[in-house]
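**Q** With the hints as constraints, model all of the structure from the sequences given.
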Amino acid sequence: MTPTLQITQLCKRFGGIVVADAIDLEIHAGDILGLIGPNGAGKSSLFNLISGVYPSDSGEVSLMGQRLNGQSIASRAQSGISRTWQHMRLFQSLSVLENLVVASRFYEAEGLMTLFFQSAKIKKLQEEKAERALQILQRMELKHLCDWAIGDLTFGQQKLMGLARALMNEGQLLLLDEPMAGVEGQSYDMMKEVVRQEARAGRAICVVEHNISFVKDLCSSAVFMFAGKILERGRVEDLLASKTLEALYFGAQADGVAAVEDSL
Amino acid sequence: MEYVVSVLVLMGIYVMLSSSFNLIIGYGGLISIAHPIFFALGAYTTGVLSVNTSIWPPLAIALGGLVALVFSLMLSLPSLRISGDYLLITSIGFQLGLLEVIKHLGFLGGASGLGNIPNVVEGDARSGVFALISMGMAVLVFLFIRWLIRGPYGLLVSAMRDDELVYTSLGRNAMKVKLVIFAIGSACAGLAGGLYAYYYQYVNPDQFEILQSSMILTMVVVGGMGSQWGPVVGAVLLLFLPQAIGFLNFPPSVMAPLQGLLYSLLVIIFLFVRPQGLVASLERKTAKSTP
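Taken in sequence, the protein lines are chains A and B.
Going by our numbering, the first sequence opens with residue 1, and the numbers climb by one from there.
Going by our numbering, the second sequence opens with residue 1, and the numbers climb by one from there.
No lab work stands behind these hints, which were simulated from the structure alone.
This one's a predicted model, so the numbers in the text were calculated from it and none came from an experiment.
Fair warning: there could be bad hints in the mix.
Sample of chain B residues facing chain A (criterion: CB under 7 angstroms; computed from the structure) [what the hints assert, rightly or not]:
1) Pro152
2) Ser158
3) Val166
4) Thr168
BS3-like cross-link-like pairs, simulated, lysine-lysine; straight-line CA separation at most 30 angstroms [unchecked claim]:
5) B:Lys103 with A:Lys124
6) B:Lys176 with A:Lys121
7) A:Lys192 with A:Lys229
Glycine is no exception: its CB is placed at the ideal position from the N, C-alpha and C atoms.
**A** Dropping the structure here:
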């Protein structure tokens, strides 16, 4: 079966800093892959490379067997890549509902001819988008807040909104950048549940997360990144049991680097 | 009476200018100071056409808008391709440079201006008719911008202004929205210019200097940037204020500096006390967030 996302030998450097060093990665439909590693390991950079924020230096990124190299951020989104951001980055001047409507994969009112001369069609399509947005909000129990301003939501609700906005794309690949950072209680359980449902619905999901129990609960497998490299991949439990990775993760980085270099 | 009516004509023109500038800077978040040059392009296009041909006046005004639109793309296409910040820099050059070119083109009347624009409304009611047309055009521009911003396109504009990177990562085309907003705003300034040319029958480069830009910006800031009624209120207020003190019958040597003083004072006061303008926050409160 063709993997939803296939990355081969992906490289990217900024001057002397290597953020991606010959990365190979596959994510299949229904998988939830955890991306773990210390800060600065290149996890978010990998997301930026996949979603097209940075162009890669070399290597390939394919979605459903289609090569994405050279495609813009927008056209990658239209091919079905959607992502969240560590700091949510919701549209502050739009309401909760509007934040979702504007995030549909296709937005016909962008075309001026359609906007000016086919207002009936636009109206119907906008209503469909709002309908879909309300369904997503309903799932996250945010529907009653649909007219609220973003600034009036709690932190946890804003995190959920980040996920909700990504779901509007209905694409095959979902990239979640620290969905759980700072999230507690009800929102935490909700986030977990929705991510699980999305995987069951056949989406390929990749999660960058420092919350290890979340990764353990949810991810079918994980990769450990350090200094732009994937050092280890496998079941989450096995990765967590590794002494080398633990050393790298929890601060004793100098020792960790030495240990890694020994093992290479 | 004639005097009041002539202020009404000017008011319509400035409502068009401030509303369209607000579309660019307030809604679109695109910082440009070249609005007067698009006003000038409309005025000169209409002026030249009506002097040299027997063109139907509404068509001449429309072509004024069209020429402003085309020139706006010349400015926005190269500068917005890089980033929004470059628009400010290139707009300064565009404003100063193009006006200098106009001053040196013979068929545009050069530095002494373009005169002999035919009078298209004869009779006693001339100013009244122009006031009606001006108000009518201002209402149309206002309604058009309102329709655009309140509709599905408005979501795109706001989202793009809030966060361009996220906007593109959702599959949207940020460049296109910026070009469209800038072009529509500039075209509206061009239309205002066309009307201006017909009303005054004389167009002079000095009327479109960079200082006009600060006047329009003051209207937008005082009224409320990014609100529908803000620029309207700002335009009316700032046009009436000098007229109001005009009745005090100060000698001209006092009047001119007094006006300048009042404008500057208003901007300073507003930036300190109420940077959101007179109208903006009221509109936002009612539109959003009713927990």
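**Q** None of the hints should be skipped; say for each whether it holds.
**A** Outcome of the hint check:
{"no.": "1", "hint": "Pro152", "result": "holds, 4 angstroms"}
{"no.": "2", "hint": "Ser158", "result": "holds, 5 angstroms"}
{"no.": "3", "hint": "Val166", "result": "holds, 5 angstroms"}
{"no.": "4", "hint": "Thr168", "result": "holds, 5 angstroms"}
{"no.": "5", "hint": "B:Lys103 with A:Lys124", "result": "violated, 51 angstroms"}
{"no.": "6", "hint": "B:Lys176 with A:Lys121", "result": "holds, 21 angstroms"}
{"no.": "7", "hint": "A:Lys192 with A:Lys229", "result": "holds, 28 angstroms"}
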